[in-house]
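*Asks:* Sequence:
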Amino acid sequence: MVRELAKKLGILADSAKYDASCASTRTSRDPAAAPGICHSYTPDGRCVSLLKVLLTNYCIYDCAYCVNRASNDLPRARFAVDEIVQLTIDFHQRNYIDGLFLSSGVIQSPDYTMEQIVAVARSLLVEHGFAGYIHLKAMPGVSQELLRDAGLWADRLSVNIELPTTDDIRRLAPDKSHESIETVMAGVKSEIDASAAGAGDGSSPPPYAAAGQTTQMIVGATGTSDATILTMADRLYARHNLRRVYYTAYSPIPGQEGLFADAPIVGDARVSSVGGGRARIDLPTGDRVPRRHGDANAPRSAGARERLAWTRHHRAGLGALAPGHAAPGRRAARRQPGSATRGLRLTGRRSEARTRNR
Numbered sequence: 000m001v002r003e004l005a006k007k008l009g010i011l012a013d014s015a016k017y018d019a020s021c022a023s024t025r026t027s028r029d030p031a032a033a034p035g036i037c038h039s040y041t042p043d044g045r046c047v048s049l050l051k052v053l054l055t056n057y058c059i060y061d062c063a064y065c066v067n068r069a070s071n072d073l074p075r076a077r078f079a080v081d082e083i084v085q086l087t088i089d090f091h092q093r094n095y096i097d098g099l100f101l102s103s104g105v106i107q108s109p110d111y112t113m114e115q116i117v118a119v120a121r122s123l124l125v126e127h128g129f130a131g132y133i134h135l136k137a138m139p140g141v142s143q144e145l146l147r148d149a150g151l152w153a154d155r156l157s158v159n160i161e162l163p164t165t166d167d168i169r170r171l172a173p174d175k176s177h178e179s180i181e182t183v184m185a186g187v188k189s190e191i192d193a194s195a196a197g198a199g200d201g202s203s204p205p206p207y208a209a210a211g212q213t214t215q216m217i218v219g220a221t222g223t224s225d226a227t228i229l230t231m232a233d234r235l236y237a238r239h240n241l242r243r244v245y246y247t248a249y250s251p252i253p254g255q256e257g258l259f260a261d262a263p264i265v266g267d268a269r270v271s272s273v274g275g276g277r278a279r280i281d282l283p284t285g286d287r288v289p290r291r292h293g294d295a296n297a298p299r300s301a302g303a304r305e306r307l308a309w310t311r312h313h314r315a316g317l318g319a320l321a322p323g324h325a326a327p328g329r330r331a332a333r334r335q336p337g338s339a340t341r342g343l344r345l346t347g348r349r350s351e352a353r354t355r356n357r
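Residue numbers (numbering that gives the first Met the number 0): 0 to 357.
Be aware that one or more of the hints could be misleading.
[Unchecked claim] Keeping only pairs whose Cα atoms sit at most 25 Å apart, straight-line, the calculated BS3-like set for lysine-lysine is:
1. Lys-6 / Lys-16
2. Lys-175 / Lys-16
3. Lys-175 / Lys-188
[As the list claims (entries may be wrong)] Per label pair, the in silico range of CB-to-CB distance:
4. Gly-197 / Pro-251: 21 to 31 Å
5. Pro-251 / Pro-205: 36 to 46 Å
6. Asn-94 / Asp-174: 33 to 43 Å
7. Ser-176 / Glu-126: 34 to 44 Å
Since the hints were derived computationally from the structure, they do not count as laboratory data. Don't be surprised by glycine CBs; every beta carbon is placed ideally from N, CA and C.
Build the full structure now, drawing on both the sequences and the hints.
*Replies:* Structure follows, in structure tokens:
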């Protein structure tokens with residue numbers, strides 16, 4: 000039994016690693032650590048450990064970019080609800096993890112899959128008094144009733160937008176649509192808004208998805224420009240009040256090369272650069288996507304080169320830092336790609352300490 004559970008964990012933790020929508024995560028480097036334990040960073044900079052697994056990697060959908068698609072030949076497994084619950088409780092009691100990130104392939108139907116996911120969270124809280132963090136993945140097409148139930152047991156919900164354009168998703172994930180995905184996002188937002196309104200009138204309803212909702216977008220599966228990607232992200236932020244849009248570099252899958260002939264080669268540097276564009280840098284989309292030779296749809300340069308080019312172009316607005324002068328304010332500094340307010344605060348405190356100790 001233990002060996003069978005360990006085998007399932009290995010398969011379903013490996014299948015979950017492609018989902019980036021629970022923050023910048025890295026699998027534990029400790030070879031003795033159990034599969035599926037990853038590190039995630041909270042907005043205030045704390046590092047927490049999560050058990051990141053799928054309920055199952057069986058899936059009725061055949062999305063061309065997904066390693067868990069129905070037509071792919073790979074080891075498959077499925078957890079029972081009580082198996083995930085027991086793993087989570089055991090790991091939490093041993094201080095291996097601070098919480099659970101649970102996603103799944105779609106089995107039978109979105110509602111059936113969501114029922115299993117919600118059952119895990121409900122059991123953790125009601126039957127075991129679990130005090131850790133819970134992030135649940137919502138299935139595209141799930142009913143509003145199940146969505147409402149999920150947010151009462153989870154700290155955060157997410158549903159993946161998958162790809163940046165309707166044409167992309169029609170071509171590579173014909174079983175899904177942006178309409179059905181955004182319907183779920185809108186449903187989560189309406190429940191969060193209703194919960195907040197109820198809290199304001201003194202009725203004190205249970206908080207709904209108190210940590211909000213996020214999504215993930217795959218970058219590099221098609222030749223879609225960065226301008227289009229960021230415009231889509233901005234629209235999602237504005238329409239659904241997302242906490243974060245996460246980006247994942249497309250990883251080529253054997254046998255699917257023909258579908259992605261127009262896709263550029265995308266590495267982590269470009270994904271990081273695109274991802275930081277909305278979540279960490281206070282810039283309008285036009286500023287975040289430098290143009291080349293007047294081509295509004297040209298792909299932008301990657302990583303450090305792009306940040307250097309942007310900084311040079313905006314040098315006058317940022318100002319020069321002469322010896323003995325104060326650093327630019329946080330608002331201006333946040334406009335530098337790769338800069339984070341928390342890092343600037345730490346740098347400032349260290350500089351002050353060095354000055355006092357001279």
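*Asks:* Determine for every hint whether it applies to the structure shown.
*Replies:* Evaluation of the provided hints:
For a cut-off of 25 Å, the pair hint linking Lys-6 to Lys-16 stands: about 16 Å separates their Cα positions. For the given pair, Lys-175 sits about 21 Å from Lys-16 by alpha-carbon distance, which is consistent with the 25 Å threshold. The straight-line distance between the Cα atoms of Lys-175 and Lys-188 is roughly 20 Å, inside the 25 Å bound, and the hint therefore holds. Between Gly-197 and Pro-251 the CB atoms are about 47 Å apart, so this pair departs from the stated range of 21 to 31 Å.
Range check, Pro-251 to Pro-205: Cβ separation about 44 Å, and the 36 to 46 Å hint holds. In this structure, Asn-94 and Asp-174 meet the distance hint of 33 to 43 Å, their C-beta atoms being roughly 41 Å apart. Distance hint check for Ser-176 and Glu-126: the Cβ-Cβ separation is about 37 Å, which falls inside the suggested range of 34 to 44 Å.
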